[in-house]
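Bring the two chains, given one by one in their own frames, into a single complex with the hints.
Here is how the chains run, residue by residue.
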Amino acid sequence: MKVGSPTLSGLLTLLALGTAGLAARHTEVARQSVPRVVGSQQHVTFNRDIAPIIFRNCSQCHHPGESGPFSLLTHMDVKTHGRQIAYMTSKRIMPPWLPDPGEPKFAGELRLTDDQIATIQKWVDQGEVQGNPADLPPQPKFVVGWELGRPDVIVKAEKPYHLVASGTDQYWNFVFRTPVHRTRWLKAIEIRPGDKRLVHHANVIVDRDQSGRRMEKEPGAGFGGMELIISSETFDPDSHFLFWKPGSPPYVEPDGMALRLDKTTDLILNTHLQPSGKPEIIQPTLGLYFTDKPATKHPILIQLDNDRMLNIPAGDKNFLVTDDFTLPVDVSALAIYPHAHYLGKDLLAYATLPDGTRKTLIHISNWDLNWQAVYHYAQPIDLPAGTKISMRFTYDNSADNIRNPNDPPIRVMGGNRAVDEMAHLWLQVLPNESADATADPRVAIEEALARHHIQNEPGDFEAHYNLAAILRMKGDLPGAIDQFEQAVRLQPDDPTANNALGGMLLASGRTDDAIAHLNTALKARPDYFDAHYNLGNALAAKGDFAGALAQFRAAVRLNPRDAGAEANLGSALAEVGNLQEARLHFERALQIDPKNEVARENLEQLNRDAPGRPN
Amino acid sequence: MKYPRQSSFVSRIFLIGSFAACLAPFAWAAGRAQGTAFDLAGNPADPLKMSAGKVTVLIFVRTDCPISNRYAPTIERLSAEHEANAAFWLVYPSKDETAEVIRKHDAEYGYKIPALRDPQKVLVKESQAQITPEAAVFDAKGHLVYHGRIDNLYQDIGRARTIATTHELEGAIQAALSGKSYAPGESHAVGCYISDLE
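Residue numbers (the numbering used here), protein chains in the order written: chain W, 1 to 615; chain H, 1 to 198.
Chain H extracted, bound-state conformation (with noise of 0.2 Å):
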């Protein structure tokens, strides 16, 4: 199934209302921003939608990138500690990473979340991501809370603190599940470039 190239970003949120109303994926996928992510399978799936009333939570992705790598961990204990009220995704944002290389990548690295391809960068868009890994929250109502760090491991490239002491990503989702906003102070991503995968 082809889709043509997204020529515009269009919030979702703008979208929202709209979104309850369409039952049918192919009206929706037609009615708003052009193009979707894919699951492993290569059905088109929209986590928003999937997340079944529950917070999303994105984390953008890329196999060669080390530092998201090394979070793998981390994202996966995240997952798990909010498992009953928060849905994780992890978004491959590669044209290049087949289902084949994420599904090996992800038994490697002990992933059990959920992974998705969005090489459209519908996702991406939506959650105005630039790096991996980088977190994007959405509330119940599929609002964008948050999009940025999952902690503060990294200040820079090559500048890693022994362990994180700040942790935005639990803050963000703490923030969504009770409904407030979230404005952490610095909170920029680091890790690789997702413009480098144009």
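Bound conformation, chain W alone (with noise of 0.2 Å):
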């Protein structure tokens, strides 16, 4: 009797640190009008002078229901808080804009003209003049609800978080649990984090083994923590940012850049909340938006990082982290997050072209978390195989940094909690159209990257699992199944790596081997549908079918709509003589999916041995 082949489900896990994401304005705002300079004898007026950069800058995110914690829309509305605009203005605390001023364009810039700040100083001084009403440009015009129009799909969190009134700030993480029944096309995703006074910025991370779930305590309840990893079954590496922070509208992928979202893909909401000095009830919901149009272009998220290097000791001021990495392939940069917590302090990126050329790809010179955000560029940034692209990351560890979590200073290193700290660049990036159709240019990327962060961490288990991943799909057994041995030797109870060992020795006919690391992977995970499936296989090689029965039936328990599992069951159940059983299992695998060659040749035979059963 035929038993199919091993799943190497879980085979190939391109984890992604949770604050992948992006927003920006998807539609080009129309360049900043060249402010009046105002002379010296002439009085400013809000209706002539002001109204304008208000409206501009500062209205999208100050008008009632969005995050600003007050309007302003109206000359009294302005002038009740005229010292404090003056003053935060002055200060480029408001609006927030983290990039320095000059090269790489980004889209959607909300940066003052050091002439608009003068002018609203002078306004200020001047008395707060609001003038005449014929100068008053429209108020703008803001979208109540859904700023895309309805979504096609609304999905709430199932249970609300509950934000304390004081203390230090929140990250918590939504499970919005399959939103969809079939694979659909995201274009856009909104993401309405409840009140918008509280969500400092959010990430929808796209979880695509559903690891998001095995966080939580209880179903539906979510799951605390700055940063997350989850893992990803298929090759299928982070392509998009899909951020949200306060006055951002949600960003509309280009044509042919949607996003896969299948009918097992869960959406987790990583959100940085701060409390207000009030309780607060967080229960955020998505709108999701589709296109018919696939996939074409597959853009990918490179990750630059260099966690070992933080070990920045307590007092230091000016701790540089580093990485380098070389593109193996052209692509353009379409966008990009510079990451670090509460010790960053100058954060730069740039590109060394093969000819030697630099160029700037991000410069933030005062850093602050509160702020962070993913940057569209203006026009996508061309860069040929062998540019390098440089992190150069500078922390503040000293009691002067008084966003330093730990008073008095401590020596602090890389890590996921907030008083932890992080150095990671994402670049997204469109790889250039390949001459080899055949060849995907981002399994050159991962593979490059994975090479990179081995060489940066011998230790990083993630590096040493997506390298053996890429080396399975390229073919090479024994490579992979050494760098997935190296990765079982750095986690040993890992159930993803050890399932995946598991698999990869079954399918080179090392069959006890395989048999103890996919026990070890039950053994930490008991629920873990593609163990059971792998395992079942294992024992069935051997010959032991009572034992892969069981395993069957386990994986067909947990996952009733599996094919594959239902025609491996019935496999087991012909083995061990239950065809009536077996008959059944066939059959329901052919329901499932009557294309099942499992199913379908062992019930033909079925039928050949035992005929005259009736249909």
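Because the hints were derived from the structure by calculation, they are not lab data.
Take the hints with a grain of salt, since some may be wrong.
[As the list claims (entries may be wrong)] To give an idea of the interface, some chain H residues facing chain W are shown, with a C-beta separation under 8 Å as derived from the structure:
id : residue
1  : Pro66
2  : Thr74
3  : Gln155
Ideal placement from N, C-alpha and C gives every residue a C-beta, glycine not left out.
Here's what the structure looks like:
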């Protein structure tokens, strides 16, 4: 009796830190009008001089229902915060825009000119005159409700999060379970975090392995944590930034760059929350917008990091963390997201082209975690193969850094908690069309990245795992087994790595070794469908059909909609002589997937062996 | 009841002697700084007189100032801790924040300490307050001992520590209770300008 080949699902886990994300305005904002230079003799008026600045730069957050703590729409609104506005704009606290001026240009830049700031200051000093009503430009119009219109699917977090009234910032993750019932192409997500005054920023993480659920204490409850690691079963590297920050409209992906959502995909919303002074209830909603146009262009997120270098002595004001990665293929850079925690001070990324030209990719010389964002380039930046991407982040672990979470300062290492540090840079790139249509340039990038991360940190579990998965995909079985073994040595109890290694060992005929690793995987995660399935196959390969039967029964219980598990359960039943039940499971497998060959062939054989059975 | 606008700043410190002699509040009101603060029922209110021999702590706040709102639990906690010997008052200096708006706001933020409206900026001037949130501490004799920040949580707008590491309001209350002067180093309040409410 034929038994289906082992599933190697769980094979390619591309681990993404939860901070992958994005927004920025979709529609290019019109160039800022050249500010009037107000002569010293002339009175600055709200209607003529101030309203255009406020409407263009402030009102999008400062209107009812938005994140701004008060509205800035009328003369009175602005007057009752006039000194405040003059102070905050003069120090460039508002509007919040972290990148330094100059190159490169980003979409939706929110930066006042020096003249605009001086005009506001002068208006306040002169007594905040309203001016001629005829000068007042129309108030900006804001969409009430869903900004992109009614979403195709709306999902609400199952359970709210109760934010305490006071204390330090909180990080909470909401798991949205499989919001689609078939594969859909997502062109935009509108994130409605609830009260926008409380949510500093939020990221959506695409969780193809439903790994977020396993972190919940009870289903739907969500879980805490600033950064998270999720896995993906297939080669589906992170490709999109799904980021929300106050005032940013939802980002609509260009045609051909939609994100695939499968019916098994969960979405995790990672939120950064700030206590407001009163207890708050937060229950975010996501609006999903689909397109019929599947993805034809496949961007990829290149992650530079060097957490191993993060070992910052207490008191160090200028601790440098670097990473350099050389591109194996030609790409266009679309967007960038630098990320550090509270000690981050100066975040710089640049590209050195093969001809020696240096291009700044982003420079934030006054980092502020609270206003972190994804930045889209106004124009894609072409980076040929051989370009070196460099990350140069400096950290201030002294008491002078008032955001320092430790008082007095202590040595700080890399990690996912708010009191740890991070040095990560994500660059969204679109690989150029390859001459060789069979080679996916993303594979070359992922392989180069995995090798790069292993070079930085030989103890990088995820990098070994990912490299193994890529080698396996390229048909290098011994290379893949070697890398999986290194991953398992680093995390001996990790269920995913043990399952993947078990699957590979089984495929290469090392059945006993496979069984040992699959048992380890199941010890760590008893409800692991893939491991039950693979162990069933391994036991069947050894001729232990009773053992295999138990494993396939467990697999079918965990996932009644898997044709392969049903077919293999049928096969095991047939092997132990229970033909009647075997037939039932072959039939079920064919109901789920009429093309399932194992079930079809085995059922045909049963019919030949036992003719005359009524259908 | 209408009150004439206050024409100039008159420090209460110089009038303290006459307060004791004044039993009728309106005689007092007429005899000193012109203008008054109000309780939420609309009655003229003088927190220094109403604090009954305790240290008086005025906290200047504004319903739409996120920094003063964020301090609500801290303010309530300090008030409860010093209930025996310090009387806390929330002071809303805005002309536009009505008693109804303030009541609703205080309920939302769990404030139990009484609120006053100070549309004529009488208490603002007596306290030399400029910012919301800003604290002013008067000793039992009505001398202004301190005005400034509650603690050092904020260094600037948008630049906050994880937790405060110095606690100036606490220090000022202790000083007022023991009859000492109080001169912390940096103690400027960070938040929203009261002068925007003119």
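Please flag the earlier hints that this structure goes against, numbers listed from lowest up. Per hint list: zero violations.
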